[in-house]
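Asker: Spelled out from the first residue to the last, the chains are:
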Amino acid sequence: MQFAINISYIIAAILFVFGIKMLGSAATAVKGNRISSLGMLLAVLATLARSNLGYEWIAAGIFSGAVIGFITAKRVQMTGMPELVALFNGFGGLASLLVGWAEYEKARPDWAEYLALPENSAVPGAWFSALVIVLAILIGGITFTGSIIAYLKLSGKIGGTATVFPGQKGINVLVMLGLVAVGVLFSIDAEGVNAPTLFLVAVGLSLLIGVLGVIPIGGGDMPVVIALLNSFSGLAAAAAGFVISNTVLVVAGCLVGASGLILTVIMCKAMNRSLGNVLFGGFGAASSAGGKQVEGEMKGISVEDAYYVLEAAQSVVFVPGYGMAVAQAQHAVKELAEILERNGAEVRHAVHPVAGRMPGHMNVLLAEADVPYEQLCEMDDVNAIISTVDVAIVIGANDVVNPSAVDDESSPIYGMPIINVHQAKTVFALKRGQGAGFSGLVNTLFFLDNCRMIYGDAKATVSGLVSQFDD
Amino acid sequence: MELILLLFTFILAAFLGFELVSKVPSQLHTPLMSGSNAISGITIVGALIAAGQVDGNLSKWLGFAALVLASINVVGGYMVTDRMLSMFKARKGD
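Chains as they are written, first to last, in the working numbering: chain A, 1 to 471; chain B, 1001 to 1094.
Rather than coming from a laboratory, the hints here were simulated on the basis of the structure.
Quantities reported herein were computed from a predicted structural model and do not represent experimental measurements.
Among the clues, some could well be false.
[To be verified] Think about it this way: if two alpha-carbon atoms lie no more than 20 Å apart in a straight line, the pair counts; the simulated EDC-like pairs of lysine to aspartate or glutamate are:
no. : chain 1 : residue 1 : chain 2 : residue 2
1   : A       : 425       : A       : 311
2   : A       : 425       : A       : 370
3   : A       : 425       : A       : 346
4   : A       : 299       : A       : 119
5   : A       : 169       : A       : 311
6   : A       : 21        : B       : 1002
7   : A       : 269       : A       : 381
8   : A       : 425       : A       : 381
9   : B       : 1023      : A       : 378
10  : A       : 21        : B       : 1019
11  : B       : 1023      : A       : 56
12  : A       : 425       : A       : 457
13  : A       : 74        : A       : 370
14  : A       : 425       : A       : 407
15  : B       : 1060      : A       : 110
16  : A       : 269       : B       : 1019
17  : A       : 269       : A       : 370
18  : B       : 1023      : A       : 380
19  : B       : 1060      : A       : 119
20  : A       : 269       : A       : 407
21  : A       : 31        : B       : 1082
22  : B       : 1060      : A       : 113
23  : B       : 1060      : A       : 374
24  : A       : 74        : B       : 1055
25  : A       : 299       : A       : 449
26  : A       : 299       : A       : 457
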């Protein structure tokens, strides 16, 4: 029986590998996700085939979890996707923490008996079990509270800006060192009288670090954090796999850990910043953190005048940002794009890799609004043709179109690749008010001669343009 | 399972993971993330074993809580990814 279970785990791992591989291409992604869910089903069924399991609790647990997951997944709006991904991620992390804890409770009454169990035959000693348990607790705990803070920020339940206070880095380093110390002490004396106390302290500190680590990260850096927490949730599962000596947990968790890490690196590159800078920079907390003073003023334009310009345009590029998500303007944007196309213009949507609050955020919203695939362009493709574009419409994007990133070496975002809308013939910037973006930086784009501001709610503005065309 | 084999597996899986996702188009970043997040719910296997203990009070309760959370992660994660991807697919058919 044990052999059949292990073979099933191997097949499950293969299905995960193919699933992730197929998720990487638009044509096979749906199938890939289903294949990976089959792998999960197989892993669960194989586990249930183990002997000595009490099924009442298992049935109750799976049933309630599945119902909650089902309802949440059915009801979520596409605009609520970033916070939901963060929330699920946090649950996964907490589950791994609890698996580690449950194993500790199993071992605690009598370590000798625990280590003599057949499934622990390969464990070199109590110290090893204790060490991997602490690792599962640490990574799982950080994933949990970090994701919950990210969830609260993304859903607007707490402010999205970076929270920094004096001595923050010092405190974080101290807590981290404290956790390492507690982890080591617990591992070398797992059977001692102080071990249960040390264990609880480790749990507490892990949860604390997740909170401290994410609160200093501002809204625009969220894509990096979400990708990193995704990676952590995988590593937490892998650590739990070492705790219970289970291959499928180790393999699947590690695959997720690696893929999340790659996404994190891609996001960092898209901002030309190092991971350390994102995590510890407290970016966006300080206002006017450098950069040149700008001269000139922002020039507004009415919806009606904007309509006349658009009516004559041969080539239009939409550049969506987080503001589009907040205003839920994606359907109106799609409608306007259709009208412009019928009017003879070539329409593109230019998506910056870190636009929005999670990797690929804008693509999800535009897909929801049914924007044709061919109209979606990546940053480099649009920059190649940007000087031939008649009108670039910036919808609630800010830092990803800030020319300071290209030409102002004193700017904190200098070097970040941007969509060069300032090179288009005309730019319309849709913006709620005159304030700066999340980073607190002044956007020099808005002061350029070819840029016109259209103030107000993005959805109302775009709908206004649509009705101008209808008249 | 030999401990060293488990470590070996871990390291190979890491390399495999890096290879698998190194060339994903940015359109698919969100589904990839939410799909791989569902896979990280594999910790459900550990939760099942802990929750299915016949004795062991606190340990079993912890396992039960882990099982509920992991089930939410797995079921919700796969479904939400499927929903997202079906939008991408419908659009391709235009």
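Asker: Hint by hint, say whether it matches the structure.
Answerer: Each hint tested on the structure:
| no. | hint | verdict |
| --- | --- | --- |
| 1 | 425/A <-> 311/A | holds (14 Å) |
| 2 | 425/A <-> 370/A | violated (28 Å) |
| 3 | 425/A <-> 346/A | holds (15 Å) |
| 4 | 299/A <-> 119/A | violated (72 Å) |
| 5 | 169/A <-> 311/A | violated (53 Å) |
| 6 | 21/A <-> 1002/B | violated (29 Å) |
| 7 | 269/A <-> 381/A | holds (17 Å) |
| 8 | 425/A <-> 381/A | holds (17 Å) |
| 9 | 1023/B <-> 378/A | holds (14 Å) |
| 10 | 21/A <-> 1019/B | holds (9 Å) |
| 11 | 1023/B <-> 56/A | violated (44 Å) |
| 12 | 425/A <-> 457/A | violated (24 Å) |
| 13 | 74/A <-> 370/A | holds (19 Å) |
| 14 | 425/A <-> 407/A | holds (19 Å) |
| 15 | 1060/B <-> 110/A | holds (16 Å) |
| 16 | 269/A <-> 1019/B | holds (18 Å) |
| 17 | 269/A <-> 370/A | violated (29 Å) |
| 18 | 1023/B <-> 380/A | holds (16 Å) |
| 19 | 1060/B <-> 119/A | holds (18 Å) |
| 20 | 269/A <-> 407/A | holds (19 Å) |
| 21 | 31/A <-> 1082/B | holds (9 Å) |
| 22 | 1060/B <-> 113/A | holds (18 Å) |
| 23 | 1060/B <-> 374/A | violated (53 Å) |
| 24 | 74/A <-> 1055/B | violated (36 Å) |
| 25 | 299/A <-> 449/A | holds (8 Å) |
| 26 | 299/A <-> 457/A | holds (17 Å) |
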